[in-house]
Amino acid sequence: MTGTRAGSRPGSRLASAAGGTACGTAGPRRDADLRLARLEHRYRRLLLAYPPGYRAAHGEELLGTVLDVAEPGRSMPAPREALALVAGGLRTRLTYAATGPAWADGLHLGATVLAVLNLATLVRYAGSVPLWTGLSALTLLAVLRGRFALALPLVAAGGVKTAGLALGRPWLGATLLPVYPDALWPGAGVWHEAPLHSLGGPIAPVTGYALLFGALLVLALRGGRPQVRSSWWWLAVPAVALTDPAWLEATAATPRTVARLVLELAVFGLAILAGRVTGDLRWAVAGGMYALVTLVHLVENHARFPSHDLSHWAVLALLALVSAAVPVRARRHALL
Amino acid sequence: MAKGRPALSEPTYFILAALLSGPLHGHGIIKRVMDLSEGRVRLAVGTLYGALDRLAANNVITVDREEVVDGRQRRYFRLTDDGRRMVIEEAARMRQAASVVAGLLDSGEAFA
Numbered sequence: 001m002t003g004t005r006a007g008s009r010p011g012s013r014l015a016s017a018a019g020g021t022a023c024g025t026a027g028p029r030r031d032a033d034l035r036l037a038r039l040e041h042r043y044r045r046l047l048l049a050y051p052p053g054y055r056a057a058h059g060e061e062l063l064g065t066v067l068d069v070a071e072p073g074r075s076m077p078a079p080r081e082a083l084a085l086v087a088g089g090l091r092t093r094l095t096y097a098a099t100g101p102a103w104a105d106g107l108h109l110g111a112t113v114l115a116v117l118n119l120a121t122l123v124r125y126a127g128s129v130p131l132w133t134g135l136s137a138l139t140l141l142a143v144l145r146g147r148f149a150l151a152l153p154l155v156a157a158g159g160v161k162t163a164g165l166a167l168g169r170p171w172l173g174a175t176l177l178p179v180y181p182d183a184l185w186p187g188a189g190v191w192h193e194a195p196l197h198s199l200g201g202p203i204a205p206v207t208g209y210a211l212l213f214g215a216l217l218v219l220a221l222r223g224g225r226p227q228v229r230s231s232w233w234w235l236a237v238p239a240v241a242l243t244d245p246a247w248l249e250a251t252a253a254t255p256r257t258v259a260r261l262v263l264e265l266a267v268f269g270l271a272i273l274a275g276r277v278t279g280d281l282r283w284a285v286a287g288g289m290y291a292l293v294t295l296v297h298l299v300e301n302h303a304r305f306p307s308h309d310l311s312h313w314a315v316l317a318l319l320a321l322v323s324a325a326v327p328v329r330a331r332r333h334a335l336l
Numbered sequence: 001m002a003k004g005r006p007a008l009s010e011p012t013y014f015i016l017a018a019l020l021s022g023p024l025h026g027h028g029i030i031k032r033v034m035d036l037s038e039g040r041v042r043l044a045v046g047t048l049y050g051a052l053d054r055l056a057a058n059n060v061i062t063v064d065r066e067e068v069v070d071g072r073q074r075r076y077f078r079l080t081d082d083g084r085r086m087v088i089e090e091a092a093r094m095r096q097a098a099s100v101v102a103g104l105l106d107s108g109e110a111f112a
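So the sequence lines, in the order shown, correspond to chains A and B. In terms of this note's numbering, the first sequence is residues 1 to 336. In terms of this note's numbering, the second sequence is residues 1 to 112.
Misleading hints may appear alongside valid ones.
[Said to hold, decoys possible] Cross-link-like lysine to any residue pairs, in silico, SDA-like; alpha carbons within 20 angstroms at most:
id, chain 1, residue 1, chain 2, residue 2
1, B, K31, A, A78
2, B, K31, A, L270
3, B, K31, A, W103
4, B, K31, A, A82
The set of hints was computed from the structure by calculation and includes no laboratory data. Note that the structure is a prediction, hence the values are computed from the model and not measured.
Please work from the sequences and hints to get the whole structure.
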């Protein structure tokens with residue numbers, strides 16, 4: 001439906017506007033038709049807030065109703081109608097996303113987040129550890145496509161290698177340590193020059209892999225048809241990490257850390273909203289997995305950056321708790 | 001209201017009240033709700049269909065029939081037995097709640 005002009009549709013009021021022009025209908029009538037056609041076109045764009053499946057089934061019905069209630073002569077959507085359509089569309093998208101088993105999909109979503117973060121951590125060092133970066137990318141692809149059995153050995157190998165790199169052991173092949181970032185451009189700053197896993201202890205990276213492995217094991221044993229995640233927006237995180245790995249360093253006192261905290265707040269805010277609208281726990285499960293790994297990182301390295309990470313720790317823990325409590329409460333106090 | 005049963009918001013209450021007299025389509029519900037609430041509850045279309053979807057998912061209303069008007073689908077909704085019971089119980093609950101205040105006012109116990 002996207003980008004198609006309303007006039008090409010059956011029942012479209014643009015068709016009557018075009019007909020009016022061809023037949024030379026009187027000016028005022030033609031103006032009214034054109035205004036109505038513009039209004040229809042604008043409402044149709046607002047309906048893009050709804051998921052494609054819902055639009056295909058009920059889009060024309062909603063459009064007909066919203067045009068029926070519009071005041072004559074209006075060519076701009078009424079603000080309250082526009083707002084309600086966008087809010088209704090987002091709500092419907094969340095409802096559509098909350099289908100299927102919540103625990104399994106929450107684990108899958110959380111596994112996707114962890115696989116994205118693992119790739120984002122390695123991508124800046126791809127020149128030194130190309131094999132492991134490639135395997136990490138393959139892991140992410142396998143997780144996204146729901147190929148859990150394929151992802152499991154990759155994650156196990158990645159976890160062992162990460163532990164080896166963090167502890168300085170030549171596990172799964174010798175690697176020259178420390179692993180310096182690729183020199184994409186000169187003068188990038190101290191955080192860019194930090195070797196891989198040198199800004200924190202080994203527990204947090206290994207926890208990330210262990211949690212990812214556990215989630216994938218549960219999903220693989222569970223069987224059934226997993227949801228395939230086809231959005232390529234996930235790749236934005238490794239892309240940003242490639243340009244500036246300071247995004248990934250939760251304990252560094254840089255503006256990036258503040259920006260990351262704001263981003264975490266926004267994402268958890270969306271998860272809380274989704275849980276409130278749907279009463280579904282899948283976003284809380286995924287958020288909890290992310291929060292756990294980040295909290296381990298913050299606690300493990302607390303002694304190195306004690307000034308600000310306690311507040312970050314507290315905020316993350318609070319967000320994870322709220323995102324779990326809100327859907328439970330929404331279920332108990334459902335408002336029709 | 002019985003424990004465990006979802007609470008009704010005011011717009012939802014009026015939507016159910018509008019359907020008490022028979023099946024209506026979306027625009028019909030909006031007009032009827034405006035009439036019943038004496039212009040106080042003006043349902044936006046996005047809000048209306050969101051409520052209709054939730055009510056249908058909870059088996060409070062159902063689609064009575066579908067028509068195609070002007071090339072567009074139009075669903076007529078009606079109350080289920082559960083929905084009829086729900087709106088009648090809610091009206092009784094509100095009547096009882098209102099009678100508490102009315103009783104206090106009538107007996108002179110309430111401060112002016």
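For each hint, the structure was consulted:
1. B/K31 with A/A78: holds (17 angstroms)
2. B/K31 with A/L270: With a Cα-Cα distance of about 34 angstroms, the restraint between B/K31 and A/L270 is violated, given a limit of 20 angstroms.
3. B/K31 with A/W103: Judged against 20 angstroms, a Cα distance of about 42 angstroms means the pair is violated.
4. B/K31 with A/A82: Given that 20 angstroms is the threshold and the Cα spacing comes to 19 angstroms, the pair holds.
When held up to the earlier numbered hints, the structure conflicts with 2 and 3 and fits the remainder.
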